[in-house]
Amino acid sequence: MSLFRQLWLAVIASTLIAFAGSFLASMLTARHYLEHQLAIKNSDNASSLALSMSQLEKDPITVELQVAAMFDSGQYAAVRLIDPEGKTMIEKTSPPMAGDVPAWFIRLFPVASQPGLAQVSAGWNQFGTIELISHSQFAYQELWDGCLKLIAWFLIGGCFMGLLGMQLLRNIRRPLDAVVGQAQAISERRFIRIAEPAAPELKSLASAMNAMVERLQAMFAEEAARLEQVRREATLDNLTGLANRAFFLNQLEAALSDDDAASNGTLLMLRVADLAGINKRAGRETADELLRRIGGKFTELTASKPGAAAARLNGADFALLLPGVQDPTTTAEQLLSLLRDLSSAGLIDGERIGHLASGLYRHGQGIGNLLSQIDAALASAENQSGLAWCRAETGCEQHAASNADWKKLLEGAIETQRLRLIDFPVAGNRGQLLHLECPLRLQASENGEWLAAGSFMPMASRLSMTTELDLAAARLALDRIAAGAAAVAVNLSGESILSAAFRSSLQALISGRRELAPRLWLEVSEIGAFQHFAEFHAFCDAMRPLGCRLGIEHFGRQFSEIGRLHHIGLDYLKVDGSFIRAINTQPGNQAFLKGLCSIAHNIGLKVIAEGVQTAEELATLPDLGFDGATGPAVPRN
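In this note's numbering, the protein residues as written are 962 to 1598.
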């Protein structure tokens, strides 16, 4: 039973009890008072009549006229003249009258009218006795009117107290609802604080809940900071902060093989000439400063290009991966300019400064083939004097279609529904199917080839057309679920969730088929989620009530941001494949991923590994705490 209903029942019960007590006390007191007043009236009127009759002649006609005059002058039930022997000499009576007073009220509170008695004298002798009884109808009417006023007062007072109690209860419910909402948010893996109310009892409750949330957040932040340090030690170069060789090669392999990776791009490699000589001539501190400045420039270049990755491959070699970039001229010139500035600053001396090589790659190309081409170009650069930049002959140059051509292609595919989903299984540790991961495919023309998302989504993003494609993917996913699929996951681009109109359209689409929503998994890439975190939060708030599963894919490179996830209510994380490749042979990454799984489980998130290539990698994952995996090594059942 709700508090409001309990309050109203308590008000009604207390009002009835108070009314019953007050009613009885008031009615009995009023009745006693009225009976007393009637007795006084009867006695006074009887005495007045007896005195008047004592002073007049006692002939029968005069006596009867006096009795009749008294009877007719007031509301009397009976007026009698009784002789000394007790015989009635004259009697005037009238039937009882109750007026508008209900009969049940008269029976419940009878008013007794005590007769007034007075002696009539004839000289020194007693002539008779006057007995006078007034009607009690006025007493009943007065008693009834008092009863009605008492009832009206209690009704008004009861309603007022009920409304006042409701207002007080609302004031109590607001902080209680906030505490309930906070507890519900914690159950949904959202750790939020609430304002503390003024009432001491509720303030202590809210304060205790907030203290618990703060402790959880502190533990979460402490563990996240420790794991971030583990990640940096396992994947980054200590001096420059760039990725180390092993991690960069994993990133490069992902760029060449992942389904949603860009279809082509550029790999640049920079080699500092004679680093050992610089170290010997200028000292280690100067050499370290040189490497830090180069690393800072590479970090700056990756920050301005989404999806880019930079690494220090060994002492003197640096690499820069630029997905989707086919002309690296601007970037190469910036790096050559950096080397000139370092030479001018005296950090590099001598004629040999450094060398630069670049090469285009295409999706599906072998990593060994690409690196051998870049190495050959770098060797050619080293054979030239001074600063040199050589391009590798990769044979994968493509004709660049204009924006207008791409726009026409995308609009045609959307209009004619040349879109489809392909599926890859995402399995749990016992081999059970968690869901189907379904990337979008687009047919370039009728009967043409089907393009992977990495081929058309970058252009769709540039042309602001990702929302149409993502809505189409969600619609196809719901159709597949309706056709019998256990669960389907689709990826939404970060540009789409920026749009309030897209969020509204997606919400309307899913609401129309709400019975399918619990089997729909929606995921956004790590870059898209953290670059537009406020909009991602709004997206989660809009989708969560519908029952969809929400997650982040390609997670791990921005692990330091994990503290921002504790209050948005995600369901799962998909760890980027660059952390998973050869995980069975990398203790550093194992320590990081084990901690990641632990901290994710503590806030109720499932953790799924992406891009699992080998059976050895797959067998290692359960011991690290992963709940599932996807990739070529995961069999289709």
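Derived by calculation from the structure, the hints in this document are not laboratory data.
Treat the hints loosely; a few may be bogus.
As the list claims (entries may be wrong) - Okay, derived cross-link-like pairs now, BS3-like style, lysine-lysine, Cα gap no bigger than 30 Å in a straight line:
| id | residue 1 | residue 2 |
| --- | --- | --- |
| 1 | 1110 | 1002 |
| 2 | 1048 | 1002 |
| 3 | 1048 | 1019 |
Said to hold, decoys possible - Label pairs and their in silico Cβ distance ranges:
| id | residue 1 | residue 2 | range |
| --- | --- | --- | --- |
| 4 | 1004 | 1113 | 33 to 41 Å |
| 5 | 1054 | 984 | 32 to 40 Å |
| 6 | 1061 | 1157 | 56 to 64 Å |
Where is the CB? At the ideal position from N, CA and C, for every residue including glycine.
The hints, checked one at a time:
1. 1110 - 1002: holds, 26 Å
2. 1048 - 1002: holds, 24 Å
3. 1048 - 1019: At roughly 17 Å apart (the allowed maximum being 30 Å), residue 1019 and residue 1048 satisfy the hint.
4. 1004 - 1113: 33 to 41 Å: holds, 35 Å
5. 1054 - 984: 32 to 40 Å: holds, 34 Å
6. 1061 - 1157: 56 to 64 Å: The hinted range 56 to 64 Å holds for residue 1061 and residue 1157, with Cβ atoms some 59 Å apart.
Taken one by one, the earlier hints all hold for this structure without exception.
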